[in-house]
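Using the hints, position chain B against chain A.
As given, the protein sequences belong to chains A and B, one line each in that order. Going by my numbering, the first sequence opens with residue 1, and the numbers climb by one from there. Going by my numbering, the second sequence opens with residue 384, and the numbers climb by one from there.
Rather than coming from a laboratory, the hints here were simulated on the basis of the structure. Careful, some of the hints might be misleading.
A few chain A residues facing chain B, derived, Cβ under 10 Å [said to hold, decoys possible]: (1) 20; (2) 258; (3) 311.
To be clear about the criterion: a stretch of chain B counts as covered by chain A if any three or more of its residues have a C-beta under 8 Å from a C-beta of chain A, and this derived list gives those stretches [what the hints assert, rightly or not]: (4) 419 to 426; (5) 457 to 465; (6) 474 to 485.
We put the CB at the ideal spot given by N, CA and C, even for glycine.
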Amino acid sequence: MALSEKTIDETTKNLSLPFSVKNALVSDLKKVNVSKKELEEIIERIMDIYSYSTIEPCEAAGVVSAQSIGEPGTQMTMRTFHYAGVAEINVTLGLPRLIEIVDARKKPSTPMMTVYLAQEYCNDRDKARELAWDIEATHISHLGSISTDISEMTLTIDLNEKVIIHRNITPAEIAQKLEDELGVSIVVEDNRVIIRPEKESYRELLQLVKNTQNVTLKGIKDIKRVVIRKEENIGEYVLYTEGSSLKKLEGMGGVDMTRTITNNIHEIYEVFGIEAARNSLIKEATDTLREQGLTVDVRHIMLVADIMTVDGEVKAIGRHGISGEKASVLARAAFEVTVNHLLDAGIRGDIDELRGVTENVIIGQPIKLGTGHIDLVAKQNPR
Amino acid sequence: MHLKIPDGRGFKSLRARLLFIQGMNVIMNNSGNFSLLDHQLIPHHMVLSEKEAAQVLKEFSSLQPIEKEQLPKIKSTDPVIMEIGAKVGDIIKIIRKSQTAGEGEFYRLVIE
Chain A
1 MALSEKTIDE
11 TTKNLSLPFS
21 VKNALVSDLK
31 KVNVSKKELE
41 EIIERIMDIY
51 SYSTIEPCEA
61 AGVVSAQSIG
71 EPGTQMTMRT
81 FHYAGVAEIN
91 VTLGLPRLIE
101 IVDARKKPST
111 PMMTVYLAQE
121 YCNDRDKARE
131 LAWDIEATHI
141 SHLGSISTDI
151 SEMTLTIDLN
161 EKVIIHRNIT
171 PAEIAQKLED
181 ELGVSIVVED
191 NRVIIRPEKE
201 SYRELLQLVK
211 NTQNVTLKGI
221 KDIKRVVIRK
231 EENIGEYVLY
241 TEGSSLKKLE
251 GMGGVDMTRT
261 ITNNIHEIYE
271 VFGIEAARNS
281 LIKEATDTLR
291 EQGLTVDVRH
301 IMLVADIMTV
311 DGEVKAIGRH
321 GISGEKASVL
331 ARAAFEVTVN
341 HLLDAGIRGD
351 IDELRGVTEN
361 VIIGQPIKLG
371 TGHIDLVAKQ
381 NPR
Chain B
384 MHLKIPDGRG
394 FKSLRARLLF
404 IQGMNVIMNN
414 SGNFSLLDHQ
424 LIPHHMVLSE
434 KEAAQVLKEF
444 SSLQPIEKEQ
454 LPKIKSTDPV
464 IMEIGAKVGD
474 IIKIIRKSQT
484 AGEGEFYRLV
494 IE
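Next up, chain A with everything else stripped away, as it sits in the complex (with noise of 0.2 Å):
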């Protein structure tokens, strides 16, 4: 006799296997009819099979870790500056990026945005083009040419009618940002913008064009450039940015910032928390690492992006991070500046315990991993 979904779903519903795995399960025995013993033998065949594959109790876990992921790390290019994939925007790629990113760098060396766009605007060229004029940074230098004319003393920006049409940036708007940044007098005329600088010196003058020049007159500060692509595989419009800045985007219409994301994972724990970090860490490792050919399983970076992340904050692998926080004294002075560590433990007179691997390697016990993690007591037969 089959058994109803019901049934089955009851006695599947309290195994304790993985989402994926007891969702297949369940699926495929609604397709079968199965009898009621036959479920049984099923599950136990099924959990038999799980618990082989779970990892053995007292496993280094963590050195299989980072033996997985370092022996491809050999293989890859030391030093790539690609266009990843990505039109003209240049990116940090393989063994500099996969540092970065265990570094948990303040700022990555080429910070990057992805920016996916609101419905409306998805699949609209014009618009999306709109809105990238809106994001990147438009500075006098791209409007038209600077002049000084030192017998008037007066700074002279011819402006390129056409380019600022397409910017979608009028004279006045252009005159009025500098007046507000600079803080000196500004003459419109036409096109043509004239800046007279405070007072009348020479060195004034040339500080002026300087700061002329840095002045952000449309757009965010930090970004660049944007690249505009039609992606394929889902048929929209997306920009890319060189730079990254998610803060200033969040209020901008247009963008779908439930998309959006930067390849800064400090600035993804800044705006999104830890468990974005954590994702975020995992999306950057994994994807370095198959631009280069070479597959490491995703348990082996996600135990990686576990540890980093597991006190609340991004943290870096090495001696700012993970391994200088050790609690042994003789698991830190083995790793980096050996010195250091073992004064400082004897100016406090720190104790160590000798819990870990590394401490108990150096004075020569045996270390609790794997069968070294079980004491066997022996039933004596009373004779």
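Frame of chain A; chain B shown alone:
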């Protein structure tokens, strides 16, 4: 969208209240505001009641008893924690999407 409607707003019925929330959501979606919790990188967070928290600790205590301080941490300044309004000492249940297990549960303790 996640909205907090203050109590005592004087809705005549539950339906009116729901319609209000729906309307607000439309307005907020159009104005470009977004709820942090909708981001694809952020898994679902929820605050556990004291009873649930005790149950979780009990589950992890099968070999040796553990305290909640031994759980992984999350800062009270974390954007998601501020959004859901959890307090220091709460245990947060996180339902992660996992590439290997499909879905996984994770727990964090809110710290200063």
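Evaluation of the provided hints:
1. 20: holds (3 Å)
2. 258: Cβ of residue 258 of chain A sits 5 Å from chain B, so the hint holds.
3. 311: holds (5 Å)
4. 419 to 426: Our answer is that it holds, as 7 residues pass the Cβ test (under 8 Å) against chain A, meeting three.
5. 457 to 465: holds (count 6)
6. 474 to 485: holds (count 7)
No hint from the list above goes unmet by this structure.
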